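Novice: For reference, the chains in residue letters:
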Amino acid sequence: MIDRVLESRQFDNFDLRFLGLIFLILGIGVLSIYSVTHDQGGIMPFFAKQLVWILLGSVAFLVMQIWDYHRIARWAYPAYVVILLLLAFVLFEGKTSRGAQRWIPVGPFAFQPSEFAKLVLVLVLAHYYSKAPRVGWLQRVVVPGLLMLPGLLLILKQPDLGSGLSFLAVYAAMLLMVGMRSQAMGLILLFSLMLFPFAWEMMWGSLHDYQRQRIMAFVDPDYDPAGKGYHALQSRIAIGAGELTGKGLYGGTQSQLKFLPEGHTDFVFSVFAEEWGFVGVLVLLLLFVALIWLSLEIAARAKDELGALLAVGVVCMLCFCVVVNIGMTAGMFPIVGIPLPLMSYGGSATVMTMASLGLLLNVKRRRLGLFY
Amino acid sequence: MAISGAFDSDLGELQRRLVLLRIGLLLVVALLALRLWHLQIREGPYYRDLSENNRTRSVILEPARGLIYDRNGVLLANNVPSFSLYVSLEDVKDREALIDQLTQLIGLDPALVRKKLAGRGAKQLPRKIKDRLTLKEATVIESHRLDLPGVMIQVESQRNYPSGTAAAHVLGYVGEVSAEQLEKPEFSELHQGSIVGQYGVEKYFDRIMRGLAGQKSVEVDALGHEKRTVVVDQPKAGDDLYLTIDARLQKIAEELLGLESGAIVALDPTTGDILAMASRPAFDPNVLSRELTAKQWVEIVQDEGRPLNNRASQGQYPPGSTFKVMMAAAALETNTVTPSSTVHCNGGYQFGRRLYHDWKAGGHGSVDLHQALVHSCDVYFYTVGQRMGIDTIAAYGHQFGLGEETGVDLPSERVGIMPSTAWKQKAKNEAWLPGETISASIGQGYVTVTPLQMASLIGTLANGGVAYRPRLVQGIMSRDTGHLEELPPIEKHRLKVKQEHLKLIREALADVVTEGTATRAKSSIVTIAGKTGTAQTSALRTGPEKDIPKKLRDHAWFVAFAPVESPKIAVAVLAENMGHGGAAAAPLAKEVIESFVRLTQHAPAAGHVMTHKAHTGSSEF
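Protein chains in written order, with numbering that gives the first Met the number 0: chain A, 0 to 371; chain B, 0 to 620.
One or more hints might be untrue.
[Said to hold, decoys possible] These stretches of chain B come out as covered by chain A in the derived footprint (C-beta under 8 Å, 3 or more residues):
hint: 1; region: 10-21
hint: 2; region: 28-35
[Said to hold, decoys possible] To list a few chain A residues with every Cβ distance to chain B over 12 Å, as calculated:
hint: 3; residue: Leu-18
hint: 4; residue: Leu-23
hint: 5; residue: Tyr-33
hint: 6; residue: Phe-45
hint: 7; residue: Trp-66
hint: 8; residue: Arg-73
hint: 9; residue: Ala-75
hint: 10; residue: Tyr-76
hint: 11; residue: Ala-78
hint: 12; residue: Ala-87
hint: 13; residue: Pro-149
hint: 14; residue: Ala-240
hint: 15; residue: Thr-264
Simulated from the structure, these hints should not be mistaken for laboratory data.
Nothing here was measured: the structure is a model prediction, and the numbers come from that model.
For each residue, glycine too, the CB sits at the ideal point set by N, CA and C.
From just these sequences and the hints, can you work out the full model?
Specialist: Right, here's the structure in full:
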């Protein structure tokens, strides 16, 4: 009887709001995907496949709550090794799409290890920090940095600049959260700024041509409107043309007439913005802010450091993806391949995002578990 | 600073720092919202415009050009459907790759395509790359549609001249508006690829026949594939022309010239309507109206026969003795001679140290005006010309339309030369020499005329002195209203020559045919009056005609009208390098006149018939 009452307390308002937000955003995503791809043929339309991914994601969401997150964290290192092997495998055997090798074919589907690597990195770093002795720079900065490095390098090699940046973002967020003093962070920032020209030089040299051109296109989007600046320009046109109230569902001519490429994946936000206008965009931003706010709440109320670090890692990763994705579609950042969490079409990203949110809920529910 | 001191360690501190994240999150989201507000609200209308341009392409709908009929409603120029290849530059990502593809698929000349794509024109309008694609070419392009973004095939009407070279110089031809033409105000509403008349009636009446282009706004996707037509601004077809030409007579005139160079103009002296205007050699307007290669064009332009030259209105020849018709009127009107006064012709006219020969060795003896015309006595006209002086001759010449534009509705009409002292001073900066008047008196020397001027001249004489503006178009059919506007004949002026004088000349010209130099023009079915002429092309000729190289031989002239009692047709024949007018030109004129009589005795050809025609009846023949 008591068990049952406690069980029901776990699904309090907080959970319902959390779940509601997740499925609302997922729903908006599916609608946008449907709008932009409904006239495309194929065995199974994109929106239907996305529903399958959401179903799979829901399973992952639940699975992530079966075991205590402490038990999950114990699998962090083995999981990381597996993901590193998969990332290495991708480089040799992966499926090439749009100039990058990111996918491993599994039957009729393809799965993208770099997406899952983000979640695994959160687990690895959270696990490391919660166990590591609290001494010095070496353990706090260098060792976790070295932990991150093989994954980062393998991902950049694909190349997948977006996932690589997500990696760095997770690492930076963890550093911030484990409590570097502000003076120390200032020092690091200063140091980074001083190093930036050299780093830029090295990075520029190691970039692929198309990446360089994208950055050029970002600096001056109109320098090659039909070529490398095309994505950025068309995306800006789509968003801008939405104006206050949008062109309505299926009314987005930019996306409907395929001027906007990747309208169902990385540029799904542009599709949404064209169809629903500034009003719709504000609503969507509020939904994301609310979701992240609730997630931060979970981190703030986590019962231990591992829980807090896991929650912070997940939140920062999602937050980073949302901001960078919208920023790049709106022409604030160069275009790097980062999907919009819960909205972009894609199996790996959807399942990974929902698994991450499941982990968040896990952290929250174990806190309540203290009262059993 | 102790290194370990850089870190705080407890959970509380970690959770305290989440505030930083919250603030950071709100800041970043505020920034995003600001950016989106900027894009969607502040610059929204700008991007909306861009998106409209992104998805719609304007496609020009070429208007159907007005048709051309002859006076009996026989179709002379129409439009046939044809495939044209257009490229919309906005949809082309790689121009050179596209040129390569087109070269491979249908063998276009890469340089030409490059030029077409580079040419001036509204940026968002598709460029016409090639017209008159064959069905096979069109099929090949259509089947590669997906690989050729921005390429489209339009069905358009193409100018067609069903009778080929017939009336080529009258009809002219059409062609793409040139870059230079586009700069001119009268072509301001046109665009690259527009078809305009480039010669002949097609050019002169271009504005009327051209019509007005329409535009459709086609929604296209990112690959340039048409999705749907959004707005249609229907093109307005051009108006139809009804020519004064009788296609049958035209054909006969052309066949009479055959392979020789020359011109035949037949007109209705009572209206100025040109019934036939033949110029040989000719060209095929169908060939010139499609895209020519540079080589083809050079071949046509450099052809020694100058087929593009309309010899009827642009060829300038010494009129030879046909000039005497005008001279006779001038001499009578100025009282230089009376009908009965005579001049003795002994075969030459001495002026200073030079002897001016008569064409007839031994001379004509004592001749009056009538005989002088009938036998084309040169000495008689040397004499009267000398008495009148060049400026009097010129004054009458101008009255008869020499050295003047006839005003015919064709572009680039030439006026020839009616010399005078003032003319020579202006043109050569030299004084007129008295001896030059003598040559001019028999239509040699500086005098040059066009066959059209001579046809007009003889027509004016025939109708009693009314100078009509010779014309090729007698009616315009509006496509809008279906209304046929008949153009009234235009009377330019009346000769200041007494009717009795004109009558005397007409009677003399009638005798030219019955007993004079043009007996070969004598017809058994109609009375014909006329005057022969032989225009010297070189002063250095000696010996019999047949020994002279063809291109140095004289031009043969014959001007005529018929029937003598009530003239319905005036004809001028000019046969280049054919020798004496009486021998070479007169029979041609006779053929034309007899054909005209036969044609008008029967019902006119099927088709639309202009209603105002004055001479459909044949009772007077």
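Novice: Does each hint hold? Answer for all of them.
Specialist: Right, here's what the structure says about each hint:
Only residues whose C-beta sits within less than 8 Å of a C-beta in chain A count toward coverage, and the region 10-21 of chain B has 9 of them, enough to reach three; the restraint holds. For a cut-off of 8 Å, the count of residues in the region 28-35 of chain B with a CB near a CB of chain A stands at 6, and the three-residue condition holds. For Leu-18 of chain A, the condition that its CB be more than 12 Å from all CB atoms of chain B holds, with the nearest at approximately 21 Å. Residue placement check: Leu-23 of chain A keeps its beta carbon more than 12 Å from all beta carbons of chain B (closest about 17 Å).
Non-interface call for Tyr-33 of chain A relative to chain B: holds, since the shortest CB-CB distance, roughly 18 Å, exceeds 12 Å. With a least CB separation of 17 Å from chain B, Phe-45 of chain A remains clear of the 12 Å interface cut-off, as annotated. Residue placement check: Trp-66 of chain A keeps its beta carbon more than 12 Å from all beta carbons of chain B (closest about 22 Å). Residue placement check: Arg-73 of chain A keeps its beta carbon more than 12 Å from all beta carbons of chain B (closest about 20 Å).
Taking the minimum C-beta to C-beta distance to chain B, about 19 Å, the non-interface status of Ala-75 of chain A holds against the 12 Å cut. Listed as a non-interface residue, Tyr-76 of chain A keeps its Cβ farther than 12 Å from every Cβ of chain B; the least gap is roughly 22 Å. At the 12 Å boundary, the C-beta of Ala-78 of chain A stays outside the reach of chain B, the nearest C-beta of that chain being 24 Å off. No beta-carbon of chain B comes within 12 Å of the beta-carbon of Ala-87 of chain A; the shortest separation is about 33 Å.
Look at Pro-149 of chain A: its CB is around 25 Å from the nearest CB on chain B, clear of 12 Å, so calling it non-interface holds up. For Ala-240 of chain A, the requirement that its beta carbon stay farther than 12 Å from each beta carbon of chain B is not met, with the minimum near 4 Å. Consistency note on Thr-264 of chain A: stated as away from chain B, and its beta-carbon is indeed over 12 Å from all of that chain's, at 16 Å minimum.
Hint 14 alone, counting from the list given before, is not met by this structure.
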